[in-house]
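Can you make the complete structure from the sequences, with help from the hints?
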Amino acid sequence: MPSSVIELELNGDTVEFLAQPGTTLLSALRDTLGLTAAKRGCGVGTCGTCTCHVDGQAVMSCLVPVETINGSTVKTLEGTTPVDGLSPLQQAFLDGFATQCGFCTSGMIMAAEALLAENPNPTREDVVTAISGNVCRCTGYESIIHAILDAAAKA
Amino acid sequence: MNVHLPESVEEAVALLGQGTVIAGGTHAFPRLDPTESIISLRRVAGLSGVTQEGGRVRVGATTTLTTLAREVDFLREAVHSIASPTIRNLATVGGNLFVPQPHGDLAVCLLALDAEIEREGDLVTAVSFDEPERWFYRKAMRRRQNSASIVTVASDGARIALGGVAREPVRALKAEEALAAGDIEAAAELSVEAADPFDDAYASAWYRRRVLPVHVRRTLSHAV
Numbered sequence: 135m136p137s138s139v140i141e142l143e144l145n146g147d148t149v150e151f152l153a154q155p156g157t158t159l160l161s162a163l164r165d166t167l168g169l170t171a172a173k174r175g176c177g178v179g180t181c182g183t184c185t186c187h188v189d190g191q192a193v194m195s196c197l198v199p200v201e202t203i204n205g206s207t208v209k210t211l212e213g214t215t216p217v218d219g220l221s222p223l224q225q226a227f228l229d230g231f232a233t234q235c236g237f238c239t240s241g242m243i244m245a246a247e248a249l250l251a252e253n254p255n256p257t258r259e260d261v262v263t264a265i266s267g268n269v270c271r272c273t274g275y276e277s278i279i280h281a282i283l284d285a286a287a288k289a
Numbered sequence: 193m194n195v196h197l198p199e200s201v202e203e204a205v206a207l208l209g210q211g212t213v214i215a216g217g218t219h220a221f222p223r224l225d226p227t228e229s230i231i232s233l234r235r236v237a238g239l240s241g242v243t244q245e246g247g248r249v250r251v252g253a254t255t256t257l258t259t260l261a262r263e264v265d266f267l268r269e270a271v272h273s274i275a276s277p278t279i280r281n282l283a284t285v286g287g288n289l290f291v292p293q294p295h296g297d298l299a300v301c302l303l304a305l306d307a308e309i310e311r312e313g314d315l316v317t318a319v320s321f322d323e324p325e326r327w328f329y330r331k332a333m334r335r336r337q338n339s340a341s342i343v344t345v346a347s348d349g350a351r352i353a354l355g356g357v358a359r360e361p362v363r364a365l366k367a368e369e370a371l372a373a374g375d376i377e378a379a380a381e382l383s384v385e386a387a388d389p390f391d392d393a394y395a396s397a398w399y400r401r402r403v404l405p406v407h408v409r410r411t412l413s414h415a416v
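Residue numbers (the working numbering), protein chains in the order written: chain P, 135 to 289; chain D, 193 to 416.
The set of hints was computed from the structure by calculation and includes no laboratory data. Just so it is clear, the structure is predicted and the values come from calculations on it, not from any experiment. Each residue gets a CB set at the ideal place from its N, CA and C atoms; glycine is no exception. Check the hints yourself; a few may be wrong.
[Said to hold, decoys possible] Quick look at which bits of chain D chain P covers, simulated, 3 or more residues with Cβ under 8 Å:
| no. | stretch |
| --- | --- |
| 1 | 193-204 |
| 2 | 230-239 |
| 3 | 375-386 |
| 4 | 404-414 |
[To be verified] Negatives, chain D to chain P, calculated, CB over 10 Å:
| no. | residue |
| --- | --- |
| 5 | T317 |
| 6 | F328 |
| 7 | R359 |
| 8 | L365 |
The following block contains the structure:
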């Protein structure tokens, strides 16, 4: 089957690109569009490193065939970063030493972005639930939870 | 491979057999052979949404678990015991019927609710059930969130459905008889007769059988 033209509203810009049948959103972002913040950890939806927002909801981009979301709005970590400096969550992660190897960080921040958009004053329990699909293999969960709570408190 | 994107139920039904049907894609999609075609239900109009009328709840097949938890209060705890928010934003009610245990806790609930499945041909289009007067639910897992089932118990106070203890959700009919007689202890012991447990990375068959009565007793002792 031939490739199809996909159009997305990506981080505020309209982008058009060709995708072969079955291409995942993650693969389109990384390999076609050059946005490498979303990581391919497991490829089967169990690690959360590829978390992005599709139409405002945090999803695992490795589980989404990109043809099925043609026309949707997609936000990646790159889209949360201001022109100058860092986003409040990025700054809180930096201040709170909430990155170790960094591989899970973009997924953690995108899961946290979705939480704070819906619930600006989360409890610790809310934060734990929001990142329950994201694995930090350095096991730095406590500092990540603190950083998200810190970003919420400062907002 | 082909990616079919039907926009109506009729189109989707006509495509059946030409690929694997996926909706949220959380279970089937990552397990497919790369050459295998898919029929995505994501763009099919009218397949998602929850309606509640006179105590009857009807849930479209491609309604996400996130939406179900938001709309149907008594099922919220059960839905929140399944996977993580990022998966629940994709995973669908219809898809949950087809995942093998120890996944598919919602299917266990639907069995306890004696839910009816609506179909067009071989395509599930909706499930519907009466909101129960009482509701009991418990899921034992390795972690408090985002882990597959060791034992799942769902009951409306009459029917008892079990997950995690057989490859498909099962009704514990002998246990239901004991429960009807008001004997929760006996219901707990008899629930084992419905189990045909398996070993996996989460628990051994031995362990599942051993703890099943404990969880049945605890479930039936405290309504949600």
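Do the hints match the structure? See the list:
1. 193-204: holds (count 4)
2. 230-239: It holds, with 4 qualifying residues against the three required.
3. 375-386: Coverage by chain P is violated for the stretch 375-386 of chain D (0 residues, Cβ < 8 Å).
4. 404-414: violated (count 0)
5. T317: holds, 19 Å
6. F328: holds, 23 Å
7. R359: holds, 20 Å
8. L365: Holds, because the least Cβ-Cβ distance between D:L365 and chain P comes to about 35 Å, which exceeds 10 Å.
Going through the hint list in order, the structure does not satisfy hints 3, 4.
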